[in-house]
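S.K.: Protein chains in written order, with the numbering used here: chain A, 1 to 437; chain B, 1001 to 1437.
Worth flagging that the hints you see were computed from the coordinates, not collected in a lab. Remember, it's a predicted structure, so these values are computed and weren't measured experimentally. Ideal Cβ placement from N, Cα and C applies to all residues, glycine included. Each hint should be verified, as a subset may be incorrect.
[Unchecked claim] Ranges of calculated distance between the beta carbons of each label pair, as one might list FRET restraints:
{"id": "1", "chain 1": "A", "residue 1": "321", "chain 2": "B", "residue 2": "1053", "range": "32 to 40 Å"}
{"id": "2", "chain 1": "B", "residue 1": "1306", "chain 2": "A", "residue 2": "185", "range": "50 to 58 Å"}
{"id": "3", "chain 1": "B", "residue 1": "1324", "chain 2": "A", "residue 2": "297", "range": "46 to 54 Å"}
{"id": "4", "chain 1": "A", "residue 1": "367", "chain 2": "B", "residue 2": "1297", "range": "33 to 41 Å"}
{"id": "5", "chain 1": "A", "residue 1": "188", "chain 2": "B", "residue 2": "1053", "range": "54 to 62 Å"}
{"id": "6", "chain 1": "A", "residue 1": "324", "chain 2": "B", "residue 2": "1279", "range": "27 to 35 Å"}
[What the hints assert, rightly or not] Calculated Cβ distances over 10 Å to all of chain A for the following chain B residues:
{"id": "7", "residue": "1029"}
{"id": "8", "residue": "1062"}
{"id": "9", "residue": "1167"}
{"id": "10", "residue": "1235"}
{"id": "11", "residue": "1254"}
{"id": "12", "residue": "1257"}
{"id": "13", "residue": "1278"}
{"id": "14", "residue": "1289"}
{"id": "15", "residue": "1290"}
{"id": "16", "residue": "1321"}
{"id": "17", "residue": "1406"}
{"id": "18", "residue": "1408"}
Residue strings, one per chain:
2 protein chains.
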Amino acid sequence: MNRREFHRHLFSALVTTAAAPRAVLSAQPLRVNGARLNGWLEALSAFGKNELGGVTRPAYGAADVAARSYVLELMRAAGLDTTIDPVGNLVGRVPGQEPRLSAIGTGSHIDSVPEGGRYDGTVGALAAIEVARTLDDAEQRLRHPFEVIIFQNEENGKVGSKALRGEDPARYMDFVTNSGLTVRDGIRRIGGDPDRVQEAVRQAGSMAAFLELHIEQGAVLEAARVDIGVVEGIVGIRRWNVEVHGFANHAGTTPMDRRQDALLAAARLVDAVNQIVRQRPGRQVGTVGSLRAEPGAANVIAGRAQLTIELRDLSMQVIDALFEAIEARARVIGQETGTRFEFRSVYRTEPATCSGVIGAVIDSQARAQGLTTLSLPSGAGHDAQEMALLGPIGMIFVPSRGGISHSAHEYTEPAQIEAGANVLLHTLLHIDASLDA
Amino acid sequence: MNRREFHRHLFSALVTTAAAPRAVLSAQPLRVNGARLNGWLEALSAFGKNELGGVTRPAYGAADVAARSYVLELMRAAGLDTTIDPVGNLVGRVPGQEPRLSAIGTGSHIDSVPEGGRYDGTVGALAAIEVARTLDDAEQRLRHPFEVIIFQNEENGKVGSKALRGEDPARYMDFVTNSGLTVRDGIRRIGGDPDRVQEAVRQAGSMAAFLELHIEQGAVLEAARVDIGVVEGIVGIRRWNVEVHGFANHAGTTPMDRRQDALLAAARLVDAVNQIVRQRPGRQVGTVGSLRAEPGAANVIAGRAQLTIELRDLSMQVIDALFEAIEARARVIGQETGTRFEFRSVYRTEPATCSGVIGAVIDSQARAQGLTTLSLPSGAGHDAQEMALLGPIGMIFVPSRGGISHSAHEYTEPAQIEAGANVLLHTLLHIDASLDA
């Protein structure tokens, strides 16, 4: 049974319909405290604040360590029973009314890229705590055990969530992160134990559901003037390094029809990647972000060129088909230009499909609150995609102004964040009421 | 009177026809000593010989200084009255039978690019000395004063020939050359005097003619299986630095239709330069040799790109028309991609037209020796183009194997070099006999 079949199996008989839940919890007027949530966001942005107005808070750095202490306090104040798991994730638990049920989790991360923004990760992390706090304030216990997870180091390898789903520690332990520390030393610094990370691993299928609220990091919702994005899944990614072999020669003495210009061939491939990706219907994206020519002088025809190709889509089959078309075009360009292309696959991450049932719940709960919705894929990676092995996942997006992310200019309005947190709360309540796993 | 008119004026009444000279010197069976000439070439290649089998002999370096001493000895042994002019050019003179006539000169350079070849410059420099030696051995004096000029530092700025035609010393004196020395210190090292370079300047129109034999540095002659290239002129060159302004963004979350991809725009311009240059009849060339994207990561859409454009042709009008078409195309690409192009002109050198009359003499003298000929432009710069201000110029090309130059793989057969030197000799004799200036 693959992951998708597993989720379908798990959900098949359990959820009656998303629009008509068996329980009536979602009919309650329960609301998060938006002012409190946005106040926490403001307070959190002081940790690692940079002169650009954003934050530089790489995992394991001093600002991250201090921010984690602050967040741990918020979790305790929300009535969560907190622990730092051996990987260094902050985990807060509330027992369920029906202990035989698996836990429902929600959370995100609070680390940032260097010169990052204030909203990426933090919105979902603090909204998860705000949801716990709202339930605690209302003295409302879920049927399922409830977990808030603040994953360590999302931005530099999704270490916390990958470790949780059983990634081989050898693949990340000695990686030198943006903080300057290896993951191993970083785990020690944030209170984990690198020799015991296997104890943090969760069993496949051990969670009833996992939800993540996140800023969109694109401009799709903003452009469509929509409040809430219902994420269909997190795209798979493949990357290639491409080398173009031509022949370096004198730019003055070599006639146009006797050239083997590696840069010309590379340029044609850049255009071809764009054309091939765009001409197929769908929301796949393809990017050449890097291109270098050698020797790289104005008066020398390039003998070599190097470029990267990245393709992303919810379907790995689509990515592979696009790549086949790109390779075929490269052969034609090679013949036209007297050059040769060499493709080396350097990165591959599988797509993660969000649960359609949870998606339908997100959609109906948002609409019930008077919010508009749009289904879309997530072009960026998120912790939730790693959690997909442990149970069905759902992701809620709120708009990003101008689609800007990983920048001090990252911005989501307080009201949009509050709306997202309320959708998270009621999606959680609905799932808790309707799900018997 | 511009340069071209001046040459036309000078030549108009003087040369009857190239094919039917007034004097009969060219009917003599005078021939250079090919074995001697190729032996000198072999000996000269020892100065700065590198492990690749070529030479690294930048001007002013130890190998250049030693090679100049060797060549000066060859000049003296050829009966030339040698001096080092204040710029550092090696100048060898033989008085003419008719002292009222202006000098006819020939020569080239012996410095090389780093990791260069054995033939670039040296073939014409040593052939000039061999021609002098052949005349001296035959006790044959020309009507015109005869000069052999070995120009200093061709490869790193054509310093010797530019200085001779009156280039402002401020424009080259403090340039740091491939030897590590400034031109100023280099001139001192090779026996010139940087404070007296103005004394080396020759008056415009002061030479009756200047001839240069050189390897083609392209593959046109080889491909056409032709012995001798009659050079129509030395191309003009313009170079631009181009900056493309887009918007850096997340390669996963930014849909294809919302991108402002500076690298995509740059790539389309690379292809456009190639198309525009090729679709016009003629032998113009256009090259993008360098392209960089920023930030240059596989998962970030490039916000900026920088590239170079170089155009070469015998006509500056053609170059300017090509550039206009490229600029127009850039505007369209900018609109298509949401980017903006900024062109900065960074280099411009005017074309130099070879004398059609001398070209006809080269052609007829080559054919008279049973050699095949082809007219072609020189895509590379040469000392002769600087001499064009001092008098009409002619250039003779011999084939380069594979069109390879500025490389240890540079190669021209000894027989081809001998043939070129004999054409140089008889072109000189014909001009000397027919020209009364």
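S.K.: Honestly, which of those hints from before does the structure not fit?
M.R.: Failing hints, ascending: 1, 2, 3, 10, 11, 12, 13, 14, 15, 17.
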